[in-house]
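Enquirer: Listed here are the chains, written in short residue letters.
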Amino acid sequence: MLVHSERYTAAELMVTAAANEIVNGEVVFVGMRLPLLGFQLAKSTHAPHAIGIFELGIVRDKPAPEPILTMGDLPNLYHAQWLTDTMGLMGMLQRGMVDVSFIGGAQVDRFGNLNTSYIGPVRQPQTRLPGSGGACDLASLAKRHIIVMPHQKRRFVHKVDYITSPGFGKGRGWREAQGLPRGGPAAVITTLGVMHFDPSTFEMVLTSIHPGVTVEEVQANTGWALRVAPDITQTPEPSDEQLAILRKNDLEGYWTGV
Amino acid sequence: MTASKYMTLEEAISTFVLDGSSLALGLAQETLIPFAAGWEIMRQSRRDLTLIGPISDILFDQMIGAGCVRWVRSAWVGNVITGSGYNFRRAVESGTLEIEDYSNLSLAMALQAGALGVPFLPTYTALGSDLFQTNPSLNKIVCPFTGQVLTAVAALNPDVAIVHVQRSDEQGNAHAWGNLGMTREACLAAEQVILTCEEIVPAEVISSDPNRVVVPGFRVVAVVQAPWGAYPSPVPGYYNRDHQAFLEYQEASLTPESFASWLESRVVAPKDYDSYLELIGKTRLAELVPKVSAPSAVVDFGY
Chain A
1 MLVHSERYTA AELMVTAAAN EIVNGEVVFV GMRLPLLGFQ LAKSTHAPHA
51 IGIFELGIVR DKPAPEPILT MGDLPNLYHA QWLTDTMGLM GMLQRGMVDV
101 SFIGGAQVDR FGNLNTSYIG PVRQPQTRLP GSGGACDLAS LAKRHIIVMP
151 HQKRRFVHKV DYITSPGFGK GRGWREAQGL PRGGPAAVIT TLGVMHFDPS
201 TFEMVLTSIH PGVTVEEVQA NTGWALRVAP DITQTPEPSD EQLAILRKND
251 LEGYWTGV
Chain B
1 MTASKYMTLE EAISTFVLDG SSLALGLAQE TLIPFAAGWE IMRQSRRDLT
51 LIGPISDILF DQMIGAGCVR WVRSAWVGNV ITGSGYNFRR AVESGTLEIE
101 DYSNLSLAMA LQAGALGVPF LPTYTALGSD LFQTNPSLNK IVCPFTGQVL
151 TAVAALNPDV AIVHVQRSDE QGNAHAWGNL GMTREACLAA EQVILTCEEI
201 VPAEVISSDP NRVVVPGFRV VAVVQAPWGA YPSPVPGYYN RDHQAFLEYQ
251 EASLTPESFA SWLESRVVAP KDYDSYLELI GKTRLAELVP KVSAPSAVVD
301 FGY
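Protein chains in written order, with my numbering: chain A, 1 to 258; chain B, 1 to 303.
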C-alpha cells in the first residue's frame with residue numbers, strides 16, 4: 001500500500017478525490033465501481049443537487065436509499081427521477097448536456113488516451129480486456145471526463161496499444177481534427193496522486209501527490225517522463241464525515257477495503 | 001383471437017434458435033438478463049452463434065465457454081463486479097472467437113438503425129478511437145448538410161432477440177419495468193422475439209397498462225414462463241442481484257477445467273431449470289426477494 005495511513009485506504013482517498021471533482025448542480029454520468037461510491041459521497045456532502053445518470057437507463061436526483069454494489073442494484077431504481085432507455089441518456093450526453101463522467105482504464109498514455117480492450121496486437125492479443133462499455137461514449141461526448149485507475153508502470157505507458165476511449169490523442173487540436181464535439185480528460189486520479197492536463201500542450205501533469213507518496217515514486221511508476229506542476233500539492237485526505245459516508249455505502253468494504 | 005405462443009423453454013429454443021443464429025440478449029445491461037434462455041441454449045449445444053448485446057455481465061462468458069459462440073458484437077464482455085470474463089479472454093486470445101467492438105451508444109444506434117429500417121445512423125461517438133480498426137460496422141461519413149465528419153453505424157437486424165420480462169400474456173404482450181437499456185430497440189430490430197417471463201398473466205392485466213408494454217405481442221414468436229429466469233441478475237419487483245453468484249462464477253471460470261466442471265454440474269446435470277434452481281437453494285433465492293415494497297400510483301386509461 002502506497003498511502004501510509006491507518007485512517008483510510010488508498011481506494012477511499014481515490015473515491016474522495018473523485019467526489020471532489022463533482023461540482024454541486026452538475027449532471028454526472030456515473031461509471032461502475034469507485035465512481036459509483038464517489039457520486040453517492042458527493043451527493044451526501046458538497047453536491048446535493050448533482051444529477052446522476054447511469055447508462056443502463058437510470059437518472060437519480062437523490063442518492064440510493066441503501067448501499068449498492070453495482071448500478072443495476074434495485075435500491076438504485078427506487079424513486080429514481082427517471083427509468084428509461086440507454087439511447088435517451090446517451091443522446092443527452094451527445095447533445096452536450098452532461099458535465100462530467102468517470103471512467104477506469106487498463107492503460108493510459110500522456111495525453112489521456114485510454115485502453116480497456118487489447119494488450120498487444122489486436123489480431124493476436126496478449127490479453128483481451130472487457131472492452132469499452134460506455135467508456136468510449138463518455139470520453140467522446142461528455143464536457144469532461146475523469147479517469148480513475150491504479151498507478152503502475154505497465155498501465156502508464158508511452159503509447160497505448162489501442163485507443164478504446166479517446167483522450168487528447170496526440171495533443172493540441174487532435175480532438176477537433178477527429179470531429180469530436182467537445183470534452184477530453186480533465187483529471188486522472190490514481191493510487192499515487194492526481195494529474196491534470198496542461199491547457200496548451202494537453203499533456204498530463206502531476207498536480208498532487210497522496211500523503212506518504214513521493215514524486216520519485218510516481219515517476220518510477222510512470223512509463224514516460226511525467227511533468228510535475230511547479231505548485232504541486234498534497235491530495236486532501238478524506239474527512240471523518242466523508243469516511244463515515246463511504247463506509248456506510250460500501251458496507252463490507254467491497255470496493256474500498258484493504 | 002390469436003393462437004397462444006406459450007411454450008416450454010426447450011421448445012422455444014429448439015424451434016427458434018438454430019446453429020448460426022444471431023441473437024440479441026442482455027439488452028438491459030445488468031438487469032433482466034435472460035440467463036434461463038442462455039442456460040437452455042448451452043444445454044442444446046447450439047453452435048456458431050453470433051451474440052449481440054451491450055454488457056452481458058457473465059451470460060456471454062458462459063455461452064462462449066460452452067462452445068456455442070463464433071461471433072460477438074458487443075461493447076463489453078466480462079463480469080461487472082469482478083472484471084474479466086475468462087472464457088471470453090481465452091477464446092479471443094486463442095483466436096476461436098471473432099469480436100466486433102462497439103461502445104454502448106454505437107450498439108444502441110446499430111439496433112435503432114435496424115429498428116428504423118435504415119442502413120446506418122450517424123453519431124459523434126468513437127471518433128479518434130480504434131474501434132474502427134476492430135469493427136467493420138463503424139465507418140466515417142461526411143454530413144451532407146454541414147460537412148462534418150461523423151461515425152456511421154451500420155444497422156443490425158438480429159435473427160432473434162431474447163428478452164426477459166416481469167409478466168406477459170400468452171400472446172406475448174408483455175410488461176417490463178425498470179431500466180431497459182436497449183431492449184426496445186432490439187425487439188424492433190430483431191426478426192423474431194422470444195420472451196421469457198416471471199409470470200404469465202391474463203391479457204387484461206397487460207392491456208390495462210399499455211404504456212408499460214415493452215414489445216407488442218404481434219412481434220413475439222414465443223412466450224416462456226421462466227420464474228427466476230434472469231437469476232442471478234436482478235428483476236425489478238421480483239428479486240435482487242445475487243452478487244455472491246457472480247463471485248463464485250469468477251472462481252469457477254478461472255481455468256478451462258474448472259469451467260468444464262461448472263458446466264457439467266450447473267448446466268448438463270440438472271434435468272430442468274427448476275432442478276438447476278434447487279442447486280442454488282430455496283433459502284438463498286428467498287433472501288433475494290425485495291424487502292421494501294414500492295408500488296407505483298395507479299393510472300387511469302378510462303374514456
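In short, the hints are calculated from the structure, not lab data. Every residue, glycine too, gets a C-beta built ideally from N, C-alpha and C. Hints are not guaranteed to be accurate.
[To be verified] Just a few of them, taken from the derived set where beta-carbon distance is under 7 angstroms, the chain B residues facing chain A:
| hint | residue |
| --- | --- |
| 1 | Y6 |
| 2 | T31 |
| 3 | I55 |
| 4 | E93 |
| 5 | E100 |
| 6 | N104 |
| 7 | G178 |
| 8 | L180 |
| 9 | P234 |
| 10 | P236 |
Enquirer: Confirm or reject each hint.
Expert: Okay, the hints, checked on the actual structure:
Given the 7 angstroms rule on beta carbons, the hint for B/Y6 is violated: about 28 angstroms separates it from the nearest Cβ of chain A. Contact between B/T31 and chain A, as hinted, is supported at the beta carbon level, the nearest pair being about 5 angstroms apart and thus within 7 angstroms. For B/I55, the suggested interface contact is upheld, since its CB lies about 6 angstroms from the closest CB of chain A, less than 7 angstroms. Checking B/E93 against chain A: minimum C-beta separation of about 6 angstroms stays under 7 angstroms; hint holds.
Checking B/E100 against chain A by beta carbon gives a least distance of about 10 angstroms; that is not within 7 angstroms, so the hint is violated. Because the beta carbon of B/N104 sits about 4 angstroms from the nearest beta carbon in chain A, less than 7 angstroms, this interface hint is met. Residue-level restraint check for B/G178 holds (minimum Cβ-Cβ distance to chain A is 6 angstroms; threshold 7 angstroms). A cut of 7 angstroms between beta carbons decides the hint on B/L180: the least distance to chain A is about 5 angstroms, and the hint holds.
With its C-beta approaching chain A no nearer than about 6 angstroms, B/P234 sits inside the 7 angstroms limit, and its interface hint holds. Hint status for B/P236: holds, given a least beta-carbon distance of 6 angstroms to chain A, under 7 angstroms.
Checked against the numbered hints above, the structure breaks hints 1, 5 and satisfies the rest.
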